[in-house]
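Chemist: The listed protein sequences derive, respectively, from chains A and B. So the working numbering is basically just the index in the first sequence, starting at one, shifted up by 4. So the working numbering is basically just the index in the second sequence, starting at one, shifted up by 139.
Keep in mind that the hints were calculated from the coordinates and are not lab data. The beta carbon of each residue, even a glycine, is placed where N, CA and C say it ideally should be. Treat the hints with care, as some may be off.
Cβ-Cβ distance ranges computed for the label pairs, FRET-style [claimed, not checked]:
| no. | chain 1 | residue 1 | chain 2 | residue 2 | range |
| --- | --- | --- | --- | --- | --- |
| 1 | B | Ala-165 | A | Ser-209 | 22 to 32 Å |
| 2 | B | Pro-219 | A | Ala-195 | 38 to 48 Å |
| 3 | B | Phe-159 | A | Asp-223 | 22 to 32 Å |
| 4 | B | Arg-154 | A | Thr-166 | 45 to 55 Å |
| 5 | A | Asp-211 | B | Glu-147 | 16 to 26 Å |
| 6 | A | Leu-167 | B | Glu-143 | 43 to 53 Å |
| 7 | A | Glu-134 | B | Phe-142 | 35 to 45 Å |
| 8 | A | Arg-224 | B | Glu-143 | 22 to 32 Å |
| 9 | B | Arg-151 | A | Glu-185 | 51 to 61 Å |
| 10 | A | Glu-75 | B | Pro-219 | 30 to 40 Å |
| 11 | A | Gln-96 | B | Arg-154 | 39 to 49 Å |
| 12 | B | Glu-147 | A | Gln-36 | 49 to 59 Å |
| 13 | A | Gln-158 | B | Asp-223 | 25 to 35 Å |
Here are the chains, one letter per residue:
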Amino acid sequence: MSKQLPLDELSSVIARVKGLLLTEEKVERAVQLLASAAKQAIPGTLGAGISLLDSQGRRTSSAATDKIVQEADASQYELGQGPCLTAWASEQTILVEDVRTESRWPEWCAAMKDLPIRSVLSTPLIAGKETLGALKIYAALPGIYDEETSRLLQLFAGPAATLLANVQSSETPRRISESLETALYSRDTIARATGILMERHGLSSEDAMQELLSRVRADRTTLLEECSRIIAAVPGRRG
Amino acid sequence: MGFEAHEEEQCRLLRKALKFADITPADLWLTYFSIGGAVGEYEVHAYLQGLLSLPILQRDLLACAANELIEAVPPLPRAPYAEDLEDSHDAGGTGRKNSNRNT
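Next up, chain B with everything else stripped away, as it sits in the complex (with noise of 0.2 Å):
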């Protein structure tokens, strides 16, 4: 099976960002299979391993799976400015619904 253009390069950074991340294949597997994924947890391997051609629509799901496990990780706590304080104080029960969800 031959590699279409970009393939490499897609599989190269999805590699990338699953290493950054800290996603194993089987989670990653586990997730596109979730959404819908067609093809198994052995070839997802082959694919990362660039021992696979995979079509569009697949590679583009293990895309999609790879960034929603990137989106659930909690991005790093962000620094208030003085105005964001006095907002929540002024704001009462919204500001504290706020933090809590940060946490």
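Looking at chain A on its own, in the form it has when it is part of the complex (with noise of 0.2 Å):
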């Protein structure tokens, strides 16, 4: 049988590490050139933006096309509530005609009173059953987006979404570094429990294997359990 260890998937793991590392400066651009083709996309508009949040509705990523929906955008995350959270939360379509005379979120409503934003539409990105953020567009003018400008957005929100679903989150580099440490450290202390059956009754370290296999059967453990008992079972290995 083959002895060598399988290094050339040890290396495409972290090779495919490397390479969401890259892949998280590509959801910052994918971000971004989906935000300037909404502002362009739907008249009236004098900015988009879009947001990506995690299940607790943490912003992990966002891009704005102006600095004007940069602020809007910022203060309904300080705020705790505003039409983009809404739209993620209710995964509806939200559409505000008049900033001034909305009642829905009157804090984030009374931060907007210096910025030249009077409509809103904000609708949720959805991919597969994950509602991955929400992508929005401000007007200057009261009463700019309606029924049919919502459908539009809709309509363009659907690829967006499926899109930034395929272009990792950030935070996946992490959990697959981590599930890596964590079988290295696994195989390890397999590798040292056999060797330590391996000497003390003179077998092959396939035998060893079988014998711990065998172990794991009877006992209905784990093999990284069994392993972790012999080892601390070698006297002067306690601590």
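Starting from two chains that each stand alone, build the complex the way the hints lay out.
Modeler: Written out as structure tokens, the structure is:
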């Protein structure tokens, strides 16, 4: 049998981790492009923005075509209220005809007084079962957006969400390297326990592994637990 | 490479178990690798499709990895008998600890 470690696999896992780190930049870029496409696609729009949120509603990444959009967005996340957060949480498109007469988010609307923003349209970015965030457009005049614009923005949000879902989130590389670390730690523990059994009972490495597997079957435990026990029982290894 | 006796059946039942538990070959390989498996992800894919023969130890390690993944899935909740609930009230802290672990 092959005694080689699957090092090619290991390096491909590491390469994947590196690849994912690269794609984090791609997320920023994709989000930026989508925001400016939305701005250009919908007439009367002053600026557009996209926020990606994690499952707790925290912003993981965002893009805005203009500084005003950035400010309007930032105050939503500071205040914890606003049309985009509602669009994200309710998974529905939110239409604000006039920020000055709007009553759903009093604090946010008050904060918007000094910004030239009157109409807002925000739609959730849904890919599969996951709501990734929200796409929003702002206009300087009231009553710019209607049902028709809502449908247009929703049409735009569908493929945008699919694209963003395929560019990995920033959490993924960390999760992958954690699972790689766990796998290596476990593999190392098992190799040490196999070595102990080989020495103790004069077994080949394969026979020692088979011995471990039969213990696991008899005790209904996991290989890692069994091996940790063997290592812990070696005198002088405690602590 | 020839196939040993029972190898095809072992492979078929492994495939069935994976399908039943919704475990992907990639997940299986990572667990198999972490318990000391020696062949690569590509070879494991080929084995699952019946295209490659593996030595007994590697087959058993794959079975072990699959079973560990299957065991890790929380079992379906069970309905308690009246007596079970009385026991947990009598036992106080112990009963509570058990119910926490089950959730």
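Chemist: Hints first: check each against the structure and report whether it holds.
Modeler: Consistency of the hints with the structure:
1. At roughly 26 Å, the beta carbons of Ala-165(B) and Ser-209(A) sit within the given window of 22 to 32 Å.
2. At about 43 Å, the CB distance of Pro-219(B) to Ala-195(A) agrees with the hint of 38 to 48 Å.
3. Distance hint check: the CB atoms of Phe-159(B) and Asp-223(A) are about 24 Å apart, consistent with the given range 22 to 32 Å.
4. One distance hint, 45 to 55 Å for the beta-carbon pair Arg-154(B) and Thr-166(A), is violated here, with the actual separation near 31 Å.
5. Range check, Asp-211(A) to Glu-147(B): about 25 Å between beta-carbon atoms, so the 16 to 26 Å window is met.
6. Roughly 48 Å separates the CB atoms of Leu-167(A) and Glu-143(B), a value that falls within the hinted 43 to 53 Å.
7. The hinted window of 35 to 45 Å between Glu-134(A) and Phe-142(B) holds, with their beta carbons roughly 42 Å apart.
8. Checked against the hint of 22 to 32 Å, the C-beta distance between Arg-224(A) and Glu-143(B) comes to roughly 27 Å, which is consistent with it.
9. In this structure, Arg-151(B) and Glu-185(A) break the distance hint of 51 to 61 Å, their C-beta atoms being roughly 34 Å apart.
10. At about 56 Å, the beta-carbon gap between Glu-75(A) and Pro-219(B) misses the expected band of 30 to 40 Å.
11. Here the CB-CB span from Gln-96(A) to Arg-154(B) is close to 42 Å, well matched to the stated 39 to 49 Å.
12. At about 53 Å, the beta-carbon gap between Glu-147(B) and Gln-36(A) stays in the expected band of 49 to 59 Å.
13. The hinted window of 25 to 35 Å between Gln-158(A) and Asp-223(B) is violated, with their beta carbons roughly 51 Å apart.
In summary, the numbered hints that this structure violates are 4, 9, 10 and 13.
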